[in-house]
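Start from chain A and add chain B according to the hints.
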Amino acid sequence: MKNRPELSLHIPEPASRPGGEPDFTALPLQDAGEQRCPDTLAPESELRDMPYGLVRVLDDEGKAVGPWAPDLPADHLLKGLEAMVLTRIFDDRLFRANRQGKTSFYMKSSGEEAIGAAHSLCLGERDMCFPTYRLLSWLMARDYPIVALCNQIFSNAKDPLEGRQMPVLYSAREYGFYSISGNLGSRLGHAVGWAMASAYRHDDSIAIGYVGEGTTAEGNVHEALTFAAVYRAPVILCVTNNQWAISSYSGIAGGDRTTFAAKALAYGLPGLRVDGNDFLAIHAATKWARERALGNKGATLIELVTYRQAAHSSSDDPTRYRPKDEAEAFPLGDPIDRLKQHLIVRGDLTEDAYEALHSDCEKRVREALREAEAIGTLGQSKPSVKAMFEQVFKEPDWRLIEQRREAGY
Amino acid sequence: MSAMNMVQALNSALDVKLGEDPDIMIFGEDVGYFGGVFRVTDKLQEKHGLTRCFDTPISEGGIVATAIGMGAYGLRPVVEIQFADYILPAFDQLVSEAARLRYRSNGEFWAPITVRVPYGGGIFGGQTHSQSPEALFTHVTGLKSVIPSNPYDAKGLLISAIEEDDPVIFFEPKRLYNGLFEGRPDDPVKPWKNHPLAEVPEDIYRVPLGKARMIREGEAVTVLAYGTMVHVALSAIEECGIDAELLDLRSLVPLDIDAIVESVQKTGRCVIVHEASRFAGFGGELSSLVQERCFYHLRAPIERVTGWDTPYPHAFEWDYFPGPKRIIDALQRTQEV
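Protein chains in written order, with our numbering: chain A, 1 to 409; chain B, 1 to 337.
In isolation and in its complexed conformation, chain A is listed as follows (with noise of 0.2 Å):
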């Protein structure tokens, strides 16, 4: 007789799948104003119950309470609206634009927009960004031309990477914006080599690197947090849980087990776990991790808990594996909401001021869309093919000369 189980493979599944009420109940959170401010130079090891809380400022009123609440000025926090904002139209207009076949592939960042926007106007302008491809509203924030992103998606003649890369996997060194690679987090550690530098030059300047929830599975991300706690890299490290790698929920990275920021725990690195739907959140717990940076004190590990509204990206249909209102059930909210409603408390800004901004950021975009699009959209116009022998080397060898001009170039 046995006294225990048979084994059984345990295969997680998500809370409800399409057509079933979203649920959310076993996603921990903490009321705003909830979570302790610890120093920001304080020893990691006082610092252990931090990954399993949840730092939050904006309560459901829109009132920025608790120890986290940072002082902002309003142009900072309108600036930051503007770029969520601005993000979010884009994203719809170009979303629209692969569907009539001018682009050949978009991905949105909608629901994520605070975390660029914050992370961008919180950040020195020479930090370093080492971004994944919802990152856009950093650029947003830093007024990176809406043109040269057009550009960019369209591959046309005027594409500041010539062609080359697919859609919204931009570069863009003059704003502290590295280049995306399709490999997803192999960048980490080039954030991390990139502080090491910075330290190592006696320099003031950090990096901050992003991966997704599901690509905290790759051993990239492990290497790279190894090598920032044992050379004490001042880097911010962001895992962005937005809930869903393309159809895999959270669970399928181990979400289920315990939360992503403490991950951070093994590596003796310090974790926070932030509502990524609250600008005012995301900016003061930034601020923490730099300033804990440039004192030397090494790298800090933020998970930004968040949900991915629209789709993966332009080849995916998210209603077939997750319910069709699950967005809208997310109890964090929508970040532009969020910060809307907080500056309209704090008497920045009125509906009638934020209608505004919208219609000259939809006014914005419309132009730098039809400026682009007589440029050409995809396959209308190209960068010269000459190009696409260019920049392989520093110096293009002999295979490279013959081989361009076999082409006829």
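Simulated DEER-style distance windows between Cβ atoms:
hint	chain 1	residue 1	chain 2	residue 2	range
1	A	W398	B	F295	14 to 24 Å
2	B	E238	A	A157	54 to 64 Å
3	B	P311	A	E402	31 to 41 Å
4	B	D165	A	E402	14 to 24 Å
5	A	A157	B	I123	52 to 62 Å
Result set (SDA-like, lysine to any residue): computed pairs, CA atoms no more than 25 Å apart in a straight line:
hint	chain 1	residue 1	chain 2	residue 2
6	A	K394	B	Y205
7	A	K394	B	E285
8	A	K386	B	D165
9	A	K382	B	T141
10	B	K266	A	R399
11	A	K382	B	E108
The hints are simulated quantities; they were obtained by calculation from the structure and are not laboratory data. From the three backbone atoms N, C-alpha and C, an ideal C-beta is built for every residue, glycine too.
What follows is chain B alone, placed relative to chain A:
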């Protein structure tokens, strides 16, 4: 000038570059205090300090990823992968990141990194300490692949590699680290001492990438080789008495195509020798290039003498290794037609 073996010449290259350029740093498994399992980084930490030469976690992917980030920042990291066989965990970083960073960012970012990898067999290293994985990297555009065959070139090529703004994989023939090797299992390794190419300047000098070295001029057949096989091929040529011309390629990317074409057009015959297994190996590319550019000069089929298409074995090491006998057979076959 002083007589150096290849380990000492490589150490000297790293030493002078560390002394000259504060942007250079060296890291890898066991390279710091201990000076590397092959002693190539011996005393560099002691002389230049902890932050210039240090140990890393056992994480080849982490080593290369970190180097790429440092390179993008503006440093010139030189990293060691303890054995070429262990480079595969770093493959994605080299192929998807280092090789393409400049291209995909349209020149905004690049990775001026040097990845040193001891490679090759003949040391009873079995299948995980003997491989020659150069073809995996020569197929990937954006990477340069360099393989020295003697102490003088080793130092000059390594200095050039470090100064390159493109990522370089620097394959070090570990069988040649301490002395000459002619490819027979029962031959003792002869020290480099009396070899002219072991006379190495103490200071900085450069051997340019992309220039082959003429080891021996001849009229009967061209032999293309690199790394350890240069010496094995030379020994075979001397033994069989065929008047072969031997080219040491020194770098596979960039490749000195002009020297190859000039030689094969002169001799009309070509034997390609490498340690790596044959199918889709670098010899296939060389053979195709020779065929494309020298077809009307060829008087015999192109021959390849290579490792077999098996994993590198332990007990059968000398059956696998393309030794002098197999090279002589190939040289003779080219003379029969």
